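Just so you know, the protein sequences line up as chains E and Y, in that order. According to the working numbering, the first sequence holds residues 20 to 337 in order. According to the working numbering, the second sequence holds residues 20 to 337 in order.
Note that these hints are calculated values from the structure, not bench results. Check the hints yourself; a few may be wrong.
Each pair may be met inside one copy or between any two copies, as identical chains are not told apart.
Computed cross-link-like contacts, DSSO-like style, restricted to lysine-lysine with a CA-CA straight-line distance of at most 30 Å [what the hints assert, rightly or not]:
no.	residue 1	residue 2
1	Lys21	Lys47
2	Lys213	Lys299
3	Lys229	Lys22
4	Lys99	Lys147
5	Lys99	Lys149
6	Lys303	Lys213
7	Lys47	Lys240
No experiment lies behind these values; they were computed from the predicted model shown.
There are 2 protein chains.
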Amino acid sequence: MKKYVIGIDLGGTKISTALSTLEGKIIKNVVIPTNAQDGEVAVLNRMIGTIENVLVQANATKNDVHAIGIGSPGPLDSNKGIIITTPNLPFKNCNVVQPIKDKFNIPVYLDNDANVAAIGEFMFGAGKGKENIVYFTVSTGVGGGVILNGNIYRGNTCNALEIGHITLDPNGPRCNCGNLGCLEALSSGTAIGKRGSEAVSTNVETSLRKYDKVTSYEVFKEAEAGDEVSKDIVDNALNYLGIGVANAVAIFDPQMVIIGGGVTQVGDKLFNRVREVVNKRCFKNMAESCEIVPAGLGINAGVVGAVALAILESGKND
Amino acid sequence: MKKYVIGIDLGGTKISTALSTLEGKIIKNVVIPTNAQDGEVAVLNRMIGTIENVLVQANATKNDVHAIGIGSPGPLDSNKGIIITTPNLPFKNCNVVQPIKDKFNIPVYLDNDANVAAIGEFMFGAGKGKENIVYFTVSTGVGGGVILNGNIYRGNTCNALEIGHITLDPNGPRCNCGNLGCLEALSSGTAIGKRGSEAVSTNVETSLRKYDKVTSYEVFKEAEAGDEVSKDIVDNALNYLGIGVANAVAIFDPQMVIIGGGVTQVGDKLFNRVREVVNKRCFKNMAESCEIVPAGLGINAGVVGAVALAILESGKND
Chain E
20 MKKYVIGIDL
30 GGTKISTALS
40 TLEGKIIKNV
50 VIPTNAQDGE
60 VAVLNRMIGT
70 IENVLVQANA
80 TKNDVHAIGI
90 GSPGPLDSNK
100 GIIITTPNLP
110 FKNCNVVQPI
120 KDKFNIPVYL
130 DNDANVAAIG
140 EFMFGAGKGK
150 ENIVYFTVST
160 GVGGGVILNG
170 NIYRGNTCNA
180 LEIGHITLDP
190 NGPRCNCGNL
200 GCLEALSSGT
210 AIGKRGSEAV
220 STNVETSLRK
230 YDKVTSYEVF
240 KEAEAGDEVS
250 KDIVDNALNY
260 LGIGVANAVA
270 IFDPQMVIIG
280 GGVTQVGDKL
290 FNRVREVVNK
300 RCFKNMAESC
310 EIVPAGLGIN
320 AGVVGAVALA
330 ILESGKND
Chain Y
20 MKKYVIGIDL
30 GGTKISTALS
40 TLEGKIIKNV
50 VIPTNAQDGE
60 VAVLNRMIGT
70 IENVLVQANA
80 TKNDVHAIGI
90 GSPGPLDSNK
100 GIIITTPNLP
110 FKNCNVVQPI
120 KDKFNIPVYL
130 DNDANVAAIG
140 EFMFGAGKGK
150 ENIVYFTVST
160 GVGGGVILNG
170 NIYRGNTCNA
180 LEIGHITLDP
190 NGPRCNCGNL
200 GCLEALSSGT
210 AIGKRGSEAV
220 STNVETSLRK
230 YDKVTSYEVF
240 KEAEAGDEVS
250 KDIVDNALNY
260 LGIGVANAVA
270 IFDPQMVIIG
280 GGVTQVGDKL
290 FNRVREVVNK
300 RCFKNMAESC
310 EIVPAGLGIN
320 AGVVGAVALA
330 ILESGKND
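For reference, chain E alone in the conformation it holds in the complex:
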């Protein structure tokens, strides 16, 4: 009986692979360095090695495994199983699904980090029991994923929910993507740090000046300590994050918006501000019917999400 799935969280630094029950209970987890510099074949073989490794450790065989899910940085093509390109991995237009499928003769599914996180939250995290969920991740960049009627929605070219690149201020700061005023250019950790550095480069009075290097961490810290410039920067970034969430509420009419990523470590301050903006900008019944909550999965979110991907996708094919 196929009682397990395997999830692989493929990162630029490490590969984390878990054997899990169909209910998401992790039986064994193996973490090894990616060694991305060794190239495509080596990294693929390391991924395969972790699969063999968790099976051995759990005293299981490939015949016990229903499906394998892989979460990877994008852009990638989930339908074709191809990683198109990503800064910290050696894969270029590389099919990572087929070799693993060939090796184990098990269905293998690939999706990007944000979608995998959304699926993880939907199946085992803050969104358990909900059918329509928008997931935001706010860290160095801003990304997202969406569960609609109980399924991940990927779009035509597997690029849906490029929510970090919706325009919220047509004349706002330049984004890394080239556009002006993207959510990511206004609300990401990188953006917050950048606004802090810009402030230091002027004559404005700010306690940020004492740092050699200003990142979002220092800006949040000094805002907490009462520095007016830092408080302005944080408030501005959270206001735009609130507008981004409000736009997602107007578009998806979801039951829940889940926000994860490093920037959410500031906690209530972020969620309170986002809720305030959503209440101000959205239709009352839509705002009231939508919960806005922190991600529920912690440090293992990546591998739990990959497990959830395997369960969700293999369930579809049953």
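Dock chain Y against chain E, hints included.
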């Protein structure tokens, strides 16, 4: 054999009811005044009367009919079959589906104008053969509907795709909904007319001054004739419409964006500007893979959409 469906386009002025084949070929169409002032029961009875009327005219009976679709202004609750409220119809939290279902013993489906138009375009209009379509309607207001993986997506409270109320300029003009800088407040026909009237109320030199009343029609006309103020107003509104469409592309990664509604009568000028903004603001592969086209259904879009709703929803239950 159930070879027909019936579509009802319920409007504040008229009720248009059509008997159609399952392929969307309209056999008979009856149009009568709504007489909204006569109240809920009277209007419901008039709707029922049109159903009986098309059946008699087509020499058919209710046993020939697979399903009935109703398109109505919103807000409404498709799941419950309830029209919540609408300015030009007498219904207040009124179930319009149940009495018709009871009368004919046929499945009856209700949806809002924008969703019905999206379904119509998907099944019989510009979006035929596509699976992921975002539909915008730009007239006095801005609304929308979305087809995802071949199905209409309605959201948690049946209010998905309130695309007219996404914020595109946090400090922009006040929208009727109360929010600042909504797409509708920037790009609707009403907004364009308002900017024209505002211009006339100042000392700026503009040929709009010759009109007693300025609506979007006069602004488009004078822009065409070379009036700089009108040209600015039009360009600004179409730029924001382009940003709204670009945001929908970033979020849905659709195969096609269809734009309908009165404002699209200006034609190429609108579509060229929208495409230009999408190309500028979206990721290249997403912009290139998404067609942006005018609505394909003409004057009968409402009733064709209602027919399409009946076909789509009854097909789901087969």
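Against the structure, the hints:
| no. | hint | verdict |
| --- | --- | --- |
| 1 | Lys21 <-> Lys47 | within (16 Å within a copy, 56 Å between copies) |
| 2 | Lys213 <-> Lys299 | both (28 Å within a copy, 24 Å between copies) |
| 3 | Lys229 <-> Lys22 | neither (56 Å within a copy, 78 Å between copies) |
| 4 | Lys99 <-> Lys147 | both (28 Å within a copy, 25 Å between copies) |
| 5 | Lys99 <-> Lys149 | both (28 Å within a copy, 19 Å between copies) |
| 6 | Lys303 <-> Lys213 | between (35 Å within a copy, 26 Å between copies) |
| 7 | Lys47 <-> Lys240 | neither (38 Å within a copy, 70 Å between copies) |
Violation of the numbered hints given earlier is confined to hints 3, 7; the remaining hints are satisfied by the structure.
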